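Go by the hints and put chain B onto chain A.
Letter by letter, the chains look like this.
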Amino acid sequence: MSSPALHRSTAPDPSVLPVALGVGLSKSFGATRALSDVSVCVHPGEIRALVGRNGAGKSTLVSLLTGMTVPDSGTIEFLGVAAPAPHARELWQSKVACVYQHPKIIPTLSCAENLFLGANMRRRKLLSWGKMRREAHEILDHWGVAIDVTAPAGTLTVGQRQLLEIARAVLAGSRFVILDEPTAKLDGKEVERLFTHLKKLQGEGVGILFISHHIEEIFEICQTVTVLRDGRKTLDRATQGLSKAELLEAMVGNVCAERPLAGTRSSEDRAAARLEVKRLSCRGFFEDITFDVRAGECVGIAGLAGSGKEAIGEVLAGLKAPDGGSMHLDGVRLPGGDVPKHNRAGVGFVPSDRQREGLVLGLSLADNATMAIPDRLGYAGFISPAALSKTSRRMIQDLDIKTSGPTQPVGSLSGGNQQKVVFARALARDPGVLVLINPTSGVDVASRIALFHAIIQAANRGAAVLIISDELEELQICHRIGVLRSGHLTKEFVPPWQHNDLIAAMEGIGP
Amino acid sequence: MNNTSLSPADLKRALNPMKLKVSSIALIPAVVLLLIIGSFANDAFLLPANLLTILQQSSILALLVLAESLVLITGKFDLSLESTVGLAPMIGGWLVTSAAIGGSGWMVNPYLAIAATLGLGLLIGAFNGFLIVKLGLNAFIVTLSMLILLRGITLGLASGKTLYDLPDELTYLGSAVWAGIPASIWICGILFALGAFLMRYHRYGRAIYAIGGNAEAARAAGIRVERVTWIVFIVASLLAALAGLLLCGRLGAITAQQGSNMIFTTFAAAVIGGISLNGGKGSLGGALMGVLLLGIVTNILTLSQIASFWIDATFGAIILVAQSLVRLTGGERSQS
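Top to bottom, those sequences are chains A and B.
For the first sequence, the working numbering assigns the number 749 to the initial residue and increments by one for each residue that follows.
For the second sequence, the working numbering assigns the number 58 to the initial residue and increments by one for each residue that follows.
Same shape as in the complex, but just chain A (with noise of 0.2 Å):
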């Protein structure tokens, strides 16, 4: 902690001071008290968690450290000095840098010019496009990427996205970064690599505010954890010592926080399969799969980004159509590539981005809950308003869905109640098959114990479920699981299996 030697005495000891420093927090929209009463404090090489379920604030907590929202009371600083101006966003990218879930780049530039885009390229007077990519390719190996950096920023995968927005970030003077759900695109490998630079970057004495909702990943690498929950901090401490319990709880409070695991009905008795696939093909994606799923049975697709694993899902919606193979569901044929015939067939369907695919998000909920329903809402194509007040409301109470009322629009619902909203549309029609790609993810912890508990009702009804994904925990409530790995399935496992078995078969590690 030696002081080095500083340009103005007053200046104080920047080795000691947090990188960011948020005191008495509050901030309200309308009559939505988002925050009351919230202090943070990173130091410099420190890596806090920031968790909470949907709506407990994370998102207000960071739009007020960036700036892009002023607090209603309390005080931001940096490095021992106050926040800038609301307006100067140049100054408050040189302060603080977040990264989204979404990488922020301009995918038809360069990888150098994305590095040096805005205030990194404003230092210089006249571009030398040598020299920017000389110095591009030495920022990037420092930080192990190994791309070309003439290379278009949209070939990148998400994972090298994120390094480059963190690697402009920190260019740019920013000695505190926030990772906004970082790793929710990402699968094992990248996450790792994603973990091995944060680390370094905490070496170089850069604080990291880390927001996740995967609890295994907080306390690998976070050392201090600030826990929200409806506005108000319920928990700011070392991750030393703390139970997984104890975290979850100041999450989620007194809501008793058990998973519902292995809730659906064996399927030993075996039932009919009610969805048969045979030899099923779509070029590009996954090759010759063959699989059926029985009444009441919860089967599950593993499988990492890139295996292939989604468009299972789009062909057996009708979103693709398959080049070879055939589904059938109770023995009728599924034409393939038509989704309001699959869909009245009885496939129901929650694909992987809610945002993309899911929702139209200026929409109310009832709209969305019922777009696949209109023959059920009146006759000749006209829509009772009157059923669909009574359909969307029904809906919200099945799925307990958290909103003001069935005009609601979607985009304003937190996370978790848009998945629910989304599973409320795939139930709609009492689906023979419901297939679930990632049904869960990015979703909080009670809410993604809802959706369990919808998706374990739906198979007890008979449905046969597919669930498609890369989360351990969305696949422990399957009968049966199938590795997918480069279009291929590779492996089936029945209960009990080893996580590190499943994860080597998903990695394609071992035998």
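Here are the computed lysine to aspartate or glutamate pairs in the DMTMM-like style, where the Cα-Cα straight-line distance is at most 25 Å: (1) A:LYS852 <-> A:ASP935; (2) A:LYS1026 <-> A:GLU1240; (3) A:LYS948 <-> A:GLU886; (4) A:LYS992 <-> A:GLU968; (5) A:LYS948 <-> A:GLU965; (6) A:LYS852 <-> B:GLU273; (7) A:LYS1068 <-> B:GLU283; (8) A:LYS933 <-> B:GLU273; (9) A:LYS948 <-> A:ASP928; (10) A:LYS1068 <-> B:GLU273; (11) A:LYS1026 <-> A:ASP1071; (12) B:LYS191 <-> A:ASP1071; (13) B:LYS191 <-> A:ASP1086; (14) A:LYS992 <-> A:GLU964; (15) A:LYS947 <-> A:GLU794; (16) A:LYS1089 <-> B:GLU283; (17) A:LYS852 <-> A:GLU886; (18) A:LYS948 <-> A:GLU929; (19) A:LYS937 <-> A:ASP1249; (20) A:LYS992 <-> A:ASP935; (21) A:LYS992 <-> A:ASP978; (22) A:LYS1089 <-> B:GLU273; (23) A:LYS1089 <-> A:GLU1035; (24) A:LYS1068 <-> A:GLU1219.
If you want the footprint, here are the derived chain A segments under chain B, 3+ residues with CB under 8 Å: (25) 1106-1112; (26) 1128-1134.
In silico contact screen, one side only, chain A against chain B (beta carbon under 7 Å); selected entries: (27) ASN1091; (28) ALA1120; (29) PRO1122.
Think of the hints as simulated: they come from the structure by calculation, not from any bench.
Fair warning: this is a prediction, and the values are worked out from it, not measured in the lab.
C-beta atoms are modelled at their ideal positions from N, C-alpha and C, and glycine is treated no differently.
Just chain B now, kept in the frame of chain A:
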């Protein structure tokens, strides 16, 4: 906020159609204000005859705005509508007029000519839809090209002349008066009411909002995105052809420039009326208010004997002011 046990009364209120259509009544104060200003500006303004004139002059624009709003809510663009307004009736007029005044000289049955006018609108829409939906071309470029192409055909067909001496059947809808009110106002009103009703209470209307809001999600939910989008383009061009028929009926002639530059006013009215250029948002009621607002402004300026050259500038200013007001007073239209 987090309360699911709502009383039925709450729900009824929340689902009340009037409450949900706030965007369509947001312009009513502005329209009322303009009516008051107009009544002060000129004594003749509030006379029924003048008000009917406003409505009749607005009815052609209103049909185009109806058409464009449907396309915009679907998340697409159609610039070619104004050229369809010209070409579709030009074909009809060309078929029924003598070669001496620039027609074909075939003197086709006028009802066939009306069918040809509307049929051409349908074909243009189908062709637009084919290029945009099936070939995946950019709607802006496709319809811009069509705008130029169709106008060119219109000019070529009539050698730049104006076709007059049209049979009564062809001009009937544009000139008839039903129950003291011009037929074009009736037609426009009925189509708007029908459109607004279908947009709100029919699966196709809801599908249009869903596609404009998020086409991928709509597709995953089982909406036939391509088919609906295509139908919207066809309906839009059909409406434009009808607007052209009404316009030539009112004027009793078809100029080669009929409809020219109308697309700007069409967009202006739609945007002032709260239709989002990004798709998925806005209501036909709001769009109609946008039309009326522009119609009243035009009328007031005309009555005040302000040179017509200034009307365009006024329109431009109105759009900017309207958009700025929306931004400043709420800025969160997406939430409403």
